[in-house]
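One letter stands for each residue in the lines below.
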Amino acid sequence: MKVKNKIKITVNGKQIQVIPNFSMKSLITNLKIPINKIAIELNKKIIDKKRISKIYLQKDDKIEIVHFIGGG
Amino acid sequence: MVDRKLKIANKNFKSRLIVGTGKYRSFRDCAKAIKVSGADIVTVAVRRVNISNKNKARLMDYIDPKKITYLPNTAGCFNAEDAIRTLRLAREIGGWKLVKLEVLGDKKNLFPEMIETLRSTELLTKEGFKVMVYCNDDPLMAKRLENVGAVAIMPLAAPIGSGLGIQNKVNIKIIRQQTKLPLIIDAGIGQASDASIAMELGCDGVLINTAIAKAKNPIQMAEAMKFAVISGRKSFLSGRINPNLFGFRSTTNKGII
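The listed protein sequences correspond, in order, to chains A and B.
Numbering-wise (my numbering), the first sequence opens with residue 360 and increments by one.
Numbering-wise (my numbering), the second sequence opens with residue 2 and increments by one.
Keep in mind that the hints were calculated from the coordinates and are not lab data.
A few of these clues could be false.
Unchecked claim - If you want the footprint, here are the derived chain A segments under chain B, 3+ residues with CB under 8 Å:
1) 368 to 377
2) 398 to 409
3) 417 to 431
Keep in mind it's a predicted model, so treat the numbers as computed, not measured.
The C-beta atom is built at its ideal place from N, Cα and C for all residues, glycine as well.
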């Protein structure tokens with residue numbers, strides 16, 4: 360079945376398409392990112408990781424998912 | 002003489018060497034060097050997760066933040082807003098409040114932008130962060146950072162990654178005299194003797210990344226830095242002899258043949 364009305368969002372600077380009513384939790388699960396090792400920003404606001412199943416992505420949302428890398 | 006431990010924001014640390022985790026050939030090398038160095042604080046940076054390569058190795062898989070204190074930095078930030086945004090994200094990853102603030106002003110020399118650094122220190126402190134501040138070796142600015150709540154003063158010895166060693170011993174000594182806060186040399190160390198000199202000047206610690214990570218043998222250099230810091234600290238505490246222009250014999254003339 361072809362899904363209609365996909366919405367465009369930007370994750371870490373890359374544009375991707377998701378189905379409507381796609382939750383932040385589904386996004387993180389799909390990307391296979393361990394939740395305890397990241398922080399998430401939605402439209403420049405940090406979101407509480409405990410609430411990600413209740414956040415549904417909207418058209419043009421900008422999401423940043425960050426973690427720790429080597430640095431001085 | 003038993004030395005007191007390095008105490009930052011009311012927390013004791015057993016090592017006076019802080020190690021950066023950037024620029025290593027591999028996470029495995031990085032983890033090994035940290036272990037050999039004896040450091041119990043490591044600096045880390047906040048960056049985007051690579052969403053195209055899901056299997057890419059992660060720093061946290063090699064260096065366990067439960068066993069070693071992560072000190073998130075603001076590398077690459079050129080203003081207070083970016084630095085604060087970065088550290089809020091770092092705090093969100095796992096509750097880190099002890100942070101290293103580094104607000105740069107020039108892409109070539111990587112010197113700190115002290116006006117933005119001062120502003121960021123004040124704002125972050127008000128938000129409950131414990132801010133260790135990378136700064137210029139300027140005693141007046143160091144004092145101002147202290148006044149707005151910095152928990153450690155971290156002047157450069159020389160530009161980041163330059164390996165030039167301590168360029169202005171006088172300023173470091175003046176900052177040492179004026180502050181009771183932990184004074185940690187951050188940036189510019191090139192070899193083990195530089196780390197010893199920093200400690201002999203009375204610094205409480207040294208933060209080293211490039212000099213270890215880019216050495217031909219990083220693991221061995223990590224060990225050299227560990228001993229250099231211990232050696233310099235002991236030398237400082239022992240009280241050096243006064244320097245003299247002329248020779249003083251070590252052997253008595255009494256009984257000479």
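Verification of the supplied hints:
Figure legend: the region 368 to 377 of chain A, annotated as covered by chain B; annotation consistent (4 residues with Cβ-Cβ distances under 8 Å, at least 3 required). For the region 398 to 409 of chain A, the assignment as covered by chain B holds, since 6 residues bring a beta-carbon within under 8 Å of that chain's beta-carbons and 3 suffice. Using a Cβ-Cβ cut-off of 8 Å, 9 residues of the region 417 to 431 of chain A lie near chain B, which meets the minimum of three, so the contact claim holds.
When each numbered hint is compared with the structure, no violation occurs for any of them.
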